[in-house]
Amino acid sequence: MIVHFEPASEEGIASVVRSAAAERVTLSIVGGGTRSGLGNPVRADRTLSTRRLAGIVTYNPAEMTMSALAGTPLVEVEAALYAKGQMLSFEPMDHRPVLGTSGEPTIGGVFAANVSGPRRYVAGAARDSLLGVRFINGRGEVIKAGGRVMKNVTGLDLVKLLAGSFGTLGILTEVTFKVLPIPPAAATIVVSGLNDAQAAAVMAEAMAQPVEVSGAAHLPESVRGRFIGGALPEGAATALRLEGLAASVSLRAQKLASALARFGPVATFDLDQTKALWTEIRDVRPYADGTMRPLWRVSVAPSVGHQLVAALRLQTGVDAFYDWQGGLLWLRMEADSEAELLRHYIRAVGGGHATLLRAGEGERTRIPAFEPQAPAVAQLAERLRASFDPSRIFNPGRMAVA
Amino acid sequence: MPETIGFLKPRQAVLDRRGEIIADLADLLPDECLISDERGLKPFETDAFLAYRRMPLAVVLPQSTEQVAAVLRYCSRYGIPVVPRGAGTSLSGGAIPQEDAIVVGLSKMSRLLDIDLFNRTATVQAGVTNLNISEAVSPDGFFYAPDPSSQLACTIGGNIGMNSGGAHCLKYGVTTNNLLGVRMVLFDGTVIELGGKALDAPGYDLLGLVCGSEGQLGIVTEAIVRLIAKPEGARPVLFGFASSEAAGSCVADIIGAGIIPVAIEFMDRPAIEICEAFAHAGYPLDVEALLIVEVEGSEVEMEAMLRSIIEIARRHDVMTIRESQSAMEAALIWKGRKSAFGATGRIADYICMDGTVPLSQLSHVLSRTGEIVAGYGLRVANVFHAGDGNMHPLILYDINDPEDAARAEAAGNDILKLCVEAGGCLTGEHGVGIEKRELMRHQYSQADLDQQMAARAAFDPQWLLNPSKVFPLEGRPAA
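Protein chains in written order, with my numbering: chain Z, 1 to 402; chain E, 403 to 881.
Bear in mind the hints are in silico, worked out from the structure with no lab data behind them.
Treat the hints with caution; some may be incorrect.
Heads up, simulated PhoX-like pairs for lysine-lysine below, C-alpha to C-alpha not over 25 Å straight-line [claimed, not checked]:
| hint | chain 1 | residue 1 | chain 2 | residue 2 |
| --- | --- | --- | --- | --- |
| 1 | E | Lys632 | Z | Lys255 |
| 2 | E | Lys510 | E | Lys411 |
| 3 | E | Lys573 | E | Lys737 |
| 4 | Z | Lys275 | Z | Lys84 |
| 5 | Z | Lys275 | Z | Lys255 |
| 6 | E | Lys737 | Z | Lys84 |
| 7 | E | Lys510 | E | Lys632 |
| 8 | Z | Lys144 | E | Lys632 |
| 9 | Z | Lys275 | E | Lys737 |
| 10 | E | Lys573 | E | Lys632 |
| 11 | E | Lys819 | Z | Lys255 |
Being a predicted model, the structure only gives us computed values, none of them experimental.
Turn these sequences into a full structure, and let the hints steer you where they fit.
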């Protein structure tokens, strides 16, 4: 039987870690467990959950920062922010629909996995909003890094390092992050009927305009109908989001629509449709299909995303749509995960990385979930890991740096 | 003046081999890339933290990543300290060398390698100046966002070393938020690439750790940075207030109202007088505090934001409101602000603090700063980035009066402790360098520092890269 620890205090976690380190007992670190499928499968002796370490510690809207214990449900954080007209600017994706998991995502899990969404392309990732952390390292020591101010260059930036480390460097116990006001107005301009290459050019054109596009996605005809109840116009949809003050959004929407009219039919969608559409893009709605068909999250330079998809299509069955101006690709494979083929073509188009988000049990154990790193970088990462967790007790195997 | 900040004791074994080391370096590099005569070394003995200086053993100015790698491989093999240097504009002594160190200057690596407007990135060598990047892409309607006051001189490599900010980071973030990738040389000469045009590389965020590491983890030779489309327009507006407290609470209310201007800069009366005398920017001289609030976007957007900001300012009894009417006037308003340090330097010697505090503590910390400095019998001018709480008290003193200098340093330390106690940090954008090294204990516990130092050692186990910086000299792990 797997022993499950759920300490209700930071000191409780530290003491579990100290005894685990002394006895060389490995720990699987979990928050809400909704993203437990991310990364490589973990083999650990015991499970440690941060679930009971919950609650907002401080929230001062006028300072645009919040501190919360790691196990605080994300829904609680977002509700408190919403009540004051604020939000997490990086739009963390909800992995439950595509992974078929249940439960409540925690704020600690969001940062441990560096989870972002469509606005990441202009507003930064979760790691860019994270200002300070408290964590327990592999020696069972309570460590703090960063703080609660926007600008801080005091010492090494361990905060960045902890973000996206999937619990392999330390157990986050408290996170302090920057928040932003919710834009009062938003609209989405949709250009219809573009092929993938044309769409990439149109999105680049839009991002070069002084209209502050805050989302740029291309939804090919194969997926277009599965968004906002089929309300997007006929043909592939290239969607561009504008946010801000009402007067400004309508003006920018007009400007952008007229600048893009030469590329195809243009339609404008209102605030509510915009919210729904970008939530569905964020959560990869078309591939939340209840299957375990392989799903890849691929990041490349925006200019080459469509080339990568075109090359793959000649070799295998793949369905795809694009976010981040074409640089973020969601690829659902028809049968095999085709890891080698995909990673080969990524190198061929100039580099990037593919993360296997979902696959059958067999493939998940066989294929490295994260893009393998250059040997010198991997060695450095391993030395770094050892400096945090010398006994290698946290989430063994998750990042596959060992 | 008497030195209160120590350096590591030079390694005698290295000093004794000076001649051989220089001969070896001459074999590794072209003649024009090596400096070893006293006159040539002199300009490298300090940076913009002028109170301290040390003559380095030699200076190398490599022309390529391969040459940097060759030098580091050599230095790591023979245990010779290395101090990386960009333009030498550090305000915290980050580029000050030591007697047994080789300075690796990146000034000869100053090429723009690739401007990619489709992906909105610039790939540059580390010695390119900050302003060069924006100038190169400006005709196409783009800019590089972080804009430290020294942007005319400072290099992107130095910006990465210090995670530099600037006046406009309230909206666009600091260097770490605008840096996509680096090519860097590790201390053993290994060349690695981190990040790139594809966002969010998997694995530990080594790029995030390297940014702001003050040259302790390796030497960055190339960088890929993010470009942003220039806004349609930008307009700075001056607001004059009867007290610093009124200006401080106005800032808190602007942010609290959900308005994020692109910049909110603060000056108190002494700073206004100094800058106005130098730049003739038209700053009002009858106010106690001045805010420069810059909004940007379309005309409609700027108008809407300004109306809300003006309404808030009125609630704080604003005395003067001056909108810039032309691009020239706007440039003048910024010239006054950006020349603040230089202009202050014309009337007195000063040390510049860089603590950051939560916005709610701004007024309190400002008034306590005034009391602290007055308590030491000195004067202070405050000019800083108010929107993000990054304060820059300039403590004026006479560098030739040892007692005055000691008092200024003591006042500065008290102010930084105050910032930490108020929930802030020692340095928001200038870095720890040698200046704030011993104060690190006020912000971090020994366990916190030990964890940072262990991470440092994963990159440089011999502690030879910029070794006198950032961490208190006592309590370091044995190399």
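So, going through the hints one by one against the coordinates:
no. : hint                  : result
1   : Lys632(E) / Lys255(Z) : holds, 16 Å
2   : Lys510(E) / Lys411(E) : violated, 30 Å
3   : Lys573(E) / Lys737(E) : holds, 20 Å
4   : Lys275(Z) / Lys84(Z)  : holds, 18 Å
5   : Lys275(Z) / Lys255(Z) : holds, 21 Å
6   : Lys737(E) / Lys84(Z)  : violated, 37 Å
7   : Lys510(E) / Lys632(E) : violated, 29 Å
8   : Lys144(Z) / Lys632(E) : violated, 37 Å
9   : Lys275(Z) / Lys737(E) : violated, 42 Å
10  : Lys573(E) / Lys632(E) : holds, 13 Å
11  : Lys819(E) / Lys255(Z) : violated, 51 Å
Violated hints, in rising order: 2, 6, 7, 8, 9, 11; the structure is consistent with all others.
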